[in-house]
Amino acid sequence: MEVQPLHDRVLVRRYSEDEKSKGGIIIPDSAKEKPAEGEIVAVGGGRISEDGKLRPLDVRRGDRVLFGKYSGTEIKIDGEELLMMREDDVLGIIKK
Amino acid sequence: MEVQPLHDRVLVRRYSEDEKSKGGIIIPDSAKEKPAEGEIVAVGGGRISEDGKLRPLDVRRGDRVLFGKYSGTEIKIDGEELLMMREDDVLGIIKK
Amino acid sequence: MEVQPLHDRVLVRRYSEDEKSKGGIIIPDSAKEKPAEGEIVAVGGGRISEDGKLRPLDVRRGDRVLFGKYSGTEIKIDGEELLMMREDDVLGIIKK
Amino acid sequence: MEVQPLHDRVLVRRYSEDEKSKGGIIIPDSAKEKPAEGEIVAVGGGRISEDGKLRPLDVRRGDRVLFGKYSGTEIKIDGEELLMMREDDVLGIIKK
Amino acid sequence: MEVQPLHDRVLVRRYSEDEKSKGGIIIPDSAKEKPAEGEIVAVGGGRISEDGKLRPLDVRRGDRVLFGKYSGTEIKIDGEELLMMREDDVLGIIKK
Amino acid sequence: MEVQPLHDRVLVRRYSEDEKSKGGIIIPDSAKEKPAEGEIVAVGGGRISEDGKLRPLDVRRGDRVLFGKYSGTEIKIDGEELLMMREDDVLGIIKK
Amino acid sequence: MEVQPLHDRVLVRRYSEDEKSKGGIIIPDSAKEKPAEGEIVAVGGGRISEDGKLRPLDVRRGDRVLFGKYSGTEIKIDGEELLMMREDDVLGIIKK
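Protein chains in written order, with our numbering: chain B, 1 to 96; chain R, 1 to 96; chain E, 1 to 96; chain V, 1 to 96; chain L, 1 to 96; chain D, 1 to 96; chain Y, 1 to 96.
These are computed hints drawn from the structure, not numbers from a lab.
C-beta atoms are modelled at their ideal positions from N, C-alpha and C, and glycine is treated no differently.
Incorrect hints may have been included.
To be verified - Taking beta-carbon pairs under 7 Å as the criterion, some of the chain E residues facing chain V (in silico):
id, residue
1, Glu-2
2, Val-3
3, Gln-4
4, Pro-5
5, Leu-6
6, Glu-50
7, Asp-51
8, Gly-52
9, Thr-73
10, Ile-75
Unchecked claim - Below 30 Å or equal to it, Euclidean Cα-Cα: the simulated BS3-like pairs (lysine-lysine) are:
id, chain 1, residue 1, chain 2, residue 2
11, B, Lys-69, Y, Lys-69
12, E, Lys-53, R, Lys-53
13, B, Lys-76, R, Lys-96
Could you put the whole structure together from the sequences, leaning on the hints where they help?
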């Protein structure tokens, strides 16, 4: 079973503590708004411009991303917890 | 009797507990803003761009969708409870 | 005597309880924002786009429509109570 | 002495009780936002589009109009009380 | 010494009681938002459209104008009190 | 050491009491929002239009300007206090 | 390990007290909103215009910048504290 996000929305699987990059990104506890880490599992068809055209999103399925900790709506698909958010809530893509 | 939604609005039939996907999407109780599940029964003619053109909607009649739990306005047609909402309130389309 | 709504406004005659569709649309009492039912008696010349062009409205005189219960401004013409509202306050068109 | 409204503004002379249409439009007292009746005495050069072009107004000098009761700014010209408002505050044009 | 207003701003000299039009425009005391009367002494280069072009202003140096009583910022140039405001705060131009 | 303002920002050196125009502009103490006087020391590359093009600013290095008293962010460069603000916070240019 | 900011976001390494420009920019303690100093370590692909096109950013990797003290979201990459912010939060570029 799959969910296809609409327009500029993306579906994200949040990383567990174990999956997080070793020696990599650590979000300090004291920060006011701390980003979280996860993987894009599905992306919408694109952002609708003011002239009605569709612009494809910049993140892709499989991208490892940083996003605002309180971004998105939680859903559970086939027993797995996922997050549906807008692409603009994604702060950046983690490169290997 | 039918209702044709205007512009970027869609008419949605919310699934009963029985109709919900078995082993499929479960909305956790603890989530702040929980999406609901339903079926598109009618779609508007399209979104009006800033240049005055009509852009057809991306959801179609028969699509199984996720939407924000408090989205839309309740109406009853021929004894059936339906929800009228904007397409942007639809989070994603559920694929089989 | 007639009133020609300006731009994207429409003039609506709200249905009395008797005129409402039998076996048809019933607005549940418990709903927070309940739509009402009526007939379009006059429509404005169109919506003005950001580029200054006029786009004709999608509802037509004689259309039976659903609209937000508290939408519009009440006026009385030749003894008849009518509602002046913007087309965007119309949720959908009722088909026979 | 005359005043030329700027851009999308119009100058309106509110009707006295005697001038109001007999058997015509009556604004119910109980309505929350009641429109008033008057005559357009001057119109601005037009609305400025986002692309910087001027779009002429739809109301004309001499038009009998309905407008929101609290719309506009009161001014007195040659002893006569007038109202300066934006064209968008005009709800509709009264036809004979 | 002169001040050149920027973009869509205009510089206005408010009329004293003596300079006001005799038998002309009187602003009623009871009005909530009362316009004031003055003369344009300088105008900005124009309004910047969303496409980045400059559209010249509609008021000109020497125009006698009506404006919102609390519009603008007071400045004193060579001992004379003036008001700097946006052209959109000007309600209309007084014709002789 | 120099700072290049970004986009539509400008860097301003506020005039001391001594540098102010003699017999020139005086800001009345009683005014609610009093403009201040200064000199432009650096300007950004331009304002970004909605279509993504760059429109050069209208103020230039060396211009003597009026600006809102509480506009901008204070910074100190090589011991000198400066103000970083957006060009739109500049009310006008003082001509000799 | 690297993070690629999305769209109009930039990644900034805040300068320590030692790295700050000697005899250079000092932010006064009494200022309400004090800018901070840092170096751009990564920039997003560009700002999306209203017509859906991508406009490259104006700051570049290696640029020394001033930014609002409370701008951005703190993240830690390979043990180093960085700030993710939008390019518009950058006030200006420091030139040598």
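Structure-based check of each hint:
Here the hint on Glu-2 (chain E) is kept, as its CB sits about 4 Å from the closest CB of chain V, short of 7 Å. Look at Val-3 (chain E): its Cβ gets to within about 4 Å of chain V, closer than 7 Å, so that hint holds up. Below 7 Å, beta-carbon pairs count as interface contacts, and Gln-4 (chain E) has one with chain V at about 5 Å; its hint therefore holds. Given hint, Pro-5 (chain E) at the interface with chain V, holds; its Cβ is 4 Å from that chain's nearest Cβ, closer than 7 Å.
The restraint placing Leu-6 (chain E) at the interface with chain V holds, with a minimum CB-CB distance near 5 Å, inside the 7 Å limit. Of the supplied interface hints, the one on Glu-50 (chain E) holds, with its beta-carbon coming within about 4 Å of a beta-carbon of chain V, less than 7 Å. Using the Cβ-Cβ criterion of 7 Å, the hint placing Asp-51 (chain E) at the interface with chain V is satisfied: the shortest such distance is roughly 6 Å. Annotation: interface hint on Gly-52 (chain E) holds; nearest CB of chain V at approximately 4 Å, less than 7 Å.
Checking Thr-73 (chain E) against chain V: minimum C-beta separation of about 5 Å stays under 7 Å; hint holds. Because the beta carbon of Ile-75 (chain E) sits about 6 Å from the nearest beta carbon in chain V, less than 7 Å, this interface hint is met. Restraint check for Lys-69 (chain B) and Lys-69 (chain Y): satisfied, since their Cα atoms lie roughly 21 Å apart, inside the 30 Å limit. For the hint linking Lys-53 (chain E) to Lys-53 (chain R), the alpha-carbon distance of about 11 Å falls within 30 Å, and the restraint holds.
Between the alpha carbons of Lys-76 (chain B) and Lys-96 (chain R) the distance comes to roughly 15 Å, so the proposed pair stays at or under 30 Å and holds.
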